[in-house]
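*Asks:* Take the sequences, apply the hints, and build the full model.
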Amino acid sequence: MTTTLNINGKTETVDAAPGTPLLWILRDHLKMTGTKFGCGVAQCGACTVHVDGTPTRSCITAHDSLGDAKVTTIEGVTGNAADAIREVWIKNDVPQCGYCQSGQIMAATALLAENSNPSDEDIDAAMSGNICRCATYMSIRRAIKEAAG
Amino acid sequence: MFLHDIGIIPGGTKSSASPSDRPAITNLSRRGFVAGTSLFVVGIALVGCSSYEEPKIDPNAIDLPEAGPSPLTEVKGGDATPALWIAIEEDGTVKITCHRSEMGQQVWTAMAQIVADELEAEWDKVAIVQAEGHERYGDQNTDGSRSVRYNFHRLRIAGAAMKQMLTQAAATYWKMEPSECTASQGLVGNSQNSDTLSYGNLAKLAARLQVPEEANVVLKEPKDWRYINKEIPSLTIPRITRGEGTFGIDVDRPGMVHAVVARPPQLFGKTGAVQDADALAIPGVLQTVKLPDARPPALFQPLGGVAVVATDTWAAIQGRNALGIDWVDGPNASYDSDIFAEQMKQTARRSGTVRRKRGNVDAGLANAAQKIEAEYYAPHLSQSPMEPPAATAEWDGDKLECWACVQDPQATRQTLSDLLKIDKENITVHATWLGGAFGRKSKPDFVVEAALIAKEVGKPVKVTWTREDEVRHGFYHSASAQRLEAGLDADGKCTSYLHRTVFPPIASTFVAGMDVPTDGEMGLGATDVPFAMPNLQVESGNAKGHVRIGWLRSVSNIYHAFAVQSFAAEMADAAGKDQKDYLLELIGDARTIDPNAEGATYPNYDASLEEYPIETARLANVVNRVSDMAKWGRKMPAGHGLGIAVHRSFLSYIATIIEVAVTPEGAMTIPGIWLAADSGTVINPRHARAQMEGGTIYGLSNALFGEITAKNGAVVQENFPSWRVLRMGEAPRAFEVDIVQSNSAPAGVGEPATPPAAPALTNAIFNATGHRIRSLPIIGATGSRLTLPAQTTAKAEG
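These protein sequences, in sequence, are chains X and D.
Residue 116 in my numbering is what sits at position 116 of the first sequence, and the numbering runs on without skipping anything.
Residue 637 in my numbering is what sits at position 637 of the second sequence, and the numbering runs on without skipping anything.
Please keep in mind that the hints were generated in silico from the structure rather than gathered at the bench.
A few of these clues could be false.
[Stated by the list, open to error] Under the rule of at most 16 Å between Cα atoms (straight-line distance), these lysine to aspartate or glutamate pairs were calculated in the EDC-like manner:
| id | chain 1 | residue 1 | chain 2 | residue 2 |
| --- | --- | --- | --- | --- |
| 1 | D | Lys-455 | D | Asp-398 |
| 2 | X | Lys-31 | D | Asp-252 |
| 3 | D | Lys-459 | D | Asp-398 |
| 4 | X | Lys-70 | X | Glu-12 |
| 5 | X | Lys-91 | D | Glu-231 |
| 6 | X | Lys-10 | X | Asp-68 |
| 7 | D | Lys-424 | D | Glu-456 |
| 8 | D | Lys-230 | D | Asp-738 |
| 9 | X | Lys-31 | D | Glu-244 |
| 10 | X | Lys-31 | D | Asp-312 |
*Replies:* As structure tokens, then:
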């Protein structure tokens, strides 16, 4: 089944089975591997992308349900919030292994875009869906506050 | 295109060093020169003299005696031959080979810091080449917190030797003495004039020189280090923030297909009849492949089962869901982890095998003024790196090439050779970036799966483990039951200490039926106990493995530190003394400890006790430092408590204090954690602090929530959240790490923060509530708060 998607501002046409999650369209069909597989059941946040700006778990989002919604991935996310997040992530060496960090950055970027001065509680609420087994949580919290600074 | 490719250099004739090899100047626009390389621009800028332009060296035009073999092949740590580790391109890029796997510990950055410092390379010119798995690099098993310890000396030698060869090359070119030449930041200068030669220009000439003897290689003094022990930014993180970099699961090969595997629920269960018609009817599913049943011992074999191969991962997963497989019970069909736990506890109540003995514990306990005893239990755990196991295999005739997130590419290559019966020379294993590992990726069973399936399919195949696969078919951290007894004198001082530990050993994965805890595991927190009482005995009890048992970040130290450091606090409580003061009393006077002198066979993390003694003064030092940081002894609000634990592991000394706040209803938060670490020489204090934070939280996640159980031989948990891990909202609000400045030999950083985390937490809960936790996990997969007995609730209310 052929579907047309809007990904990072580009029109992409993919041929995949109905219901195939966006995650696997990105990774296996479009070779955009920045978006990660972590659990497949929307529990870990590694697969987070933005759909029309909203953080969305691509592992449970059927690609053929997106219509003409704008999908943004780690490879394509731009803007003041994304720039600020990337800058503090690099400046403070926030990631360790980095595997969950695409999802962390997408979640943090959406938080900062919506709330320019998040509290600890705001950060916990926005970021608790993103698991990091390296436990960069404290670094993430400090960095988001610095980016909001 | 680089300048050297077209044989041109910029104009200028000033240099007096004028060998006949000066290349002709050819037409080249200024724009082309700048675009082609920044090398000469840097050189000009640094000398600050526009009239000097660096001559291009033709190494073949200079007569040199033929160099003999490298005398650096067997320095401490292995081969330090510069060419094995460093390649300098003509554009000045310094390519440093990292033979260890990058899994978030920033080993790329650490290895580069060591080499580039001694080499006097410019940091911005450093690039990393990830080594394939090969014996030429020596040990590549990225496990045991030893990448720096094993390689610090030889990589310094390699960098320093190459710097000396580059300096020698410049001296040869200038016809000066090497003593007149000095290397600094990618350039060699001299004392006669202001000329400089860049590393990129000198590299080919230097490569023809004799590698110096180790005795003639001069290492920097620590005070002169530019990169070592400095907070150099990570080499990987900028790429990570853009979604770049290749993890094992990201590998793509032309014509590649995707596979997932349905594995028998039990270890050594077998695959019976398979109905795959429904699976094959799923769009995208290409074929199924039956894998050979696994037989004891487990080793690094795949577990058997049926692979579903498809055009994308999702189709493969859907195909697997549609398989009908009759699993045949194997020898572990009756394994029930609850029953097994009870059996281990019974074993811990009986005399065991003595593994270390001082004085007479039986008499000491019998004569004690006060006797206390406690039993501790800790369950199986899963490593659960965020990237599950994934591997890609591609055959070209008899040759096999694999890309995978493996901690040990050499063991991977050896295992592939053993199980697929092919010559190792025909196997290439590339280690990708690892999306976390924590010991899971030391075991290359998943790479063998990829190789087997790819052979059958005739195309490159990527095998992806789903999270359910990772949780249900792992190599688990061993479950353990322990019993401790102590005798205190009339003053509350401990005179006798008995520690009995029972767990299925990791060796059960490698030797069928093996049930005796090994010296290695006993040396992870049991036989190396640093306490000073006159009567001490450590015993082990046997237990068989019924699931695959494997390494998990800090391994047996987790349960041993939990029991020993909890019991230290229990003794303090029995004696009516402050926990920190009592801990220092147990550790005793400043001295070194040799467990071997008391009947132990103690491996000391493969290090000698001469180079890495067990030093009680370093234990006491981190205890005192962390106590100052946390203001131990301060008055705590109602429901708050501080808990302390100290533990030496991986040759590092770590003390941790955790503050908990518990409401009368048992809701717990962690307001703060303080940690003091003495890991000897630390390459990158910032990255070491990150490991201390991460190692601690990893331990807390396990202690609070982690529990893998089995029924009928099959693991019960499936995915997050039935296998629960710590999340952002549960992380401490404050975390302060102090890295002790030390010139001692480098010790481990990745693992040693994990062991003291659990007992510091349970000791804090005790001090907050009076409730002693002896069985993990504290909360479990579904809980939201502590289960507090009624009287402790009263205490939390203050």
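*Asks:* For each hint, tell me whether it holds in the structure or not.
*Replies:* How the hints compare with the structure:
{"no.": "1", "hint": "Lys-455/D with Asp-398/D", "verdict": "holds, 10 Å"}
{"no.": "2", "hint": "Lys-31/X with Asp-252/D", "verdict": "holds, 8 Å"}
{"no.": "3", "hint": "Lys-459/D with Asp-398/D", "verdict": "holds, 13 Å"}
{"no.": "4", "hint": "Lys-70/X with Glu-12/X", "verdict": "holds, 11 Å"}
{"no.": "5", "hint": "Lys-91/X with Glu-231/D", "verdict": "holds, 11 Å"}
{"no.": "6", "hint": "Lys-10/X with Asp-68/X", "verdict": "holds, 11 Å"}
{"no.": "7", "hint": "Lys-424/D with Glu-456/D", "verdict": "violated, 20 Å"}
{"no.": "8", "hint": "Lys-230/D with Asp-738/D", "verdict": "holds, 15 Å"}
{"no.": "9", "hint": "Lys-31/X with Glu-244/D", "verdict": "holds, 12 Å"}
{"no.": "10", "hint": "Lys-31/X with Asp-312/D", "verdict": "holds, 11 Å"}
When each numbered hint is compared with the structure, a violation occurs for hint 7 only.
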